[in-house]
Amino acid sequence: MPHRLAILDDYQDVAHGYADWAALEAEGVKVSTFREPFASQDALVSALAGSTIAIAMRERTAFPREVFEKLPALELLVTTGMANASIDLAAAADHGVTVCGTPGSPAAAPELTWALLLAIARHLPAEEASLRAGSWQKTVGVELAGKTLGVVGLGKIGRRIAGYGQAFGMDVVAWSQNLTAEAAAEAGVRLVSKEELFRASDIATLHLRLSPRSENTVGEQELRLLGPEGILVNTARGPLVDQEALVRALNEGWIRGAALDVFDQEPLQAGHPLLAAPNTVLSPHLGYVTQESYRQFYGGAFEDVTAWLAGSPIRTITP
1048 MPHRLAILDD YQDVAHGYAD WAALEAEGVK VSTFREPFAS QDALVSALAG
1098 STIAIAMRER TAFPREVFEK LPALELLVTT GMANASIDLA AAADHGVTVC
1148 GTPGSPAAAP ELTWALLLAI ARHLPAEEAS LRAGSWQKTV GVELAGKTLG
1198 VVGLGKIGRR IAGYGQAFGM DVVAWSQNLT AEAAAEAGVR LVSKEELFRA
1248 SDIATLHLRL SPRSENTVGE QELRLLGPEG ILVNTARGPL VDQEALVRAL
1298 NEGWIRGAAL DVFDQEPLQA GHPLLAAPNT VLSPHLGYVT QESYRQFYGG
1348 AFEDVTAWLA GSPIRTITP
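Be aware that the sequence shown starts at 1048, since it is given in our numbering, and climbs by one per residue.
Keep in mind that the hints were calculated from the coordinates and are not lab data. For glycine and all other residues, C-beta sits at the position ideal for the given N, C-alpha and C. It is possible that part of the hints are untrue.
Stated by the list, open to error - Derived DSSO-like pairs: lysine-lysine, alpha-carbon spacing no greater than 30 Å straight-line: (1) Lys1241 x Lys1194; (2) Lys1077 x Lys1117; (3) Lys1203 x Lys1241.
Said to hold, decoys possible - Here are the simulated distance ranges between beta carbons: (4) His1063 x Gln1184: 37 to 47 Å; (5) Asp1141 x Ala1230: 29 to 39 Å; (6) Lys1117 x Trp1183: 57 to 67 Å; (7) Gly1193 x Glu1122: 50 to 60 Å; (8) Asn1225 x Leu1171: 30 to 40 Å; (9) Gln1268 x Asp1218: 19 to 29 Å; (10) Ala1232 x Asp1089: 44 to 54 Å; (11) Lys1185 x Pro1275: 15 to 25 Å.
Generate coordinates for the entire structure from the input sequences, incorporating the hints supplied.
Here you go:
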């Protein structure tokens, strides 16, 4: 039986421009692309029925145990990047599904983070809209130099953000549950407590991996500590923040504003309260959406598939 390959969640219809999928089709692999998010788990299972290979774009589509149980034909699941919290790796192993990852861009997410940070500090979306409507200089922004930047999570992305902050003349502090003073010092920043970070920061930016331990890292207490002059930036994962508390914080003025690239449920639905909240800069999870990143994601996925078809899987991810 020929293999059937499903490329999932290609929202922008770009997957075929970043890898030679036609070469696989020439070898008898039937390639299908799905552009829209699946409305339900049943819709996903129906779409993948009979597929032996699936390529998941980041965490757009979840693969819990129930999905693997309903997809007996699935043999290879490729995720872009080398970690995907939406895939139950133990369940994949139990059902004989090989899971592989891909390289990714180290610069894409940090650069988007800094773009959002600058945009909200200087009210760029509001000022552009005002300019296009015929007005001139409606807001007063704030400078970054001399301000305190709080980095929550000092991993690969957090370290880059700390460096950006230092380049802009900011005092940078950091916190995470496992961060040590030595690791912080190596990055040229000061380790502080979580409470101190939110109390001292003019801007707090989140760069943690989502897990049961990190969910709701930022809630009402942290937002009130950040205060009416504070800004929250989140380009990591939506559930790191208590979304209901954030909406209240914005509407009631607990904080100056928020710049967000990630949300509890994606795509963000029409009528979501964050869309109407004041003093926000919102983007549709663009952190990894760059030409360079897609070349690595889709190109790496193509390599994973061809290696697996040849009997020598690469970049395997195990529980």
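Here is what the structure says about each hint:
no.	hint	in the structure
1	Lys1241 x Lys1194	holds, 18 Å
2	Lys1077 x Lys1117	holds, 21 Å
3	Lys1203 x Lys1241	holds, 19 Å
4	His1063 x Gln1184: 37 to 47 Å	holds, 45 Å
5	Asp1141 x Ala1230: 29 to 39 Å	holds, 36 Å
6	Lys1117 x Trp1183: 57 to 67 Å	holds, 58 Å
7	Gly1193 x Glu1122: 50 to 60 Å	holds, 56 Å
8	Asn1225 x Leu1171: 30 to 40 Å	holds, 35 Å
9	Gln1268 x Asp1218: 19 to 29 Å	holds, 23 Å
10	Ala1232 x Asp1089: 44 to 54 Å	holds, 51 Å
11	Lys1185 x Pro1275: 15 to 25 Å	holds, 20 Å
In summary, the structure agrees with every hint in the numbered list given earlier.
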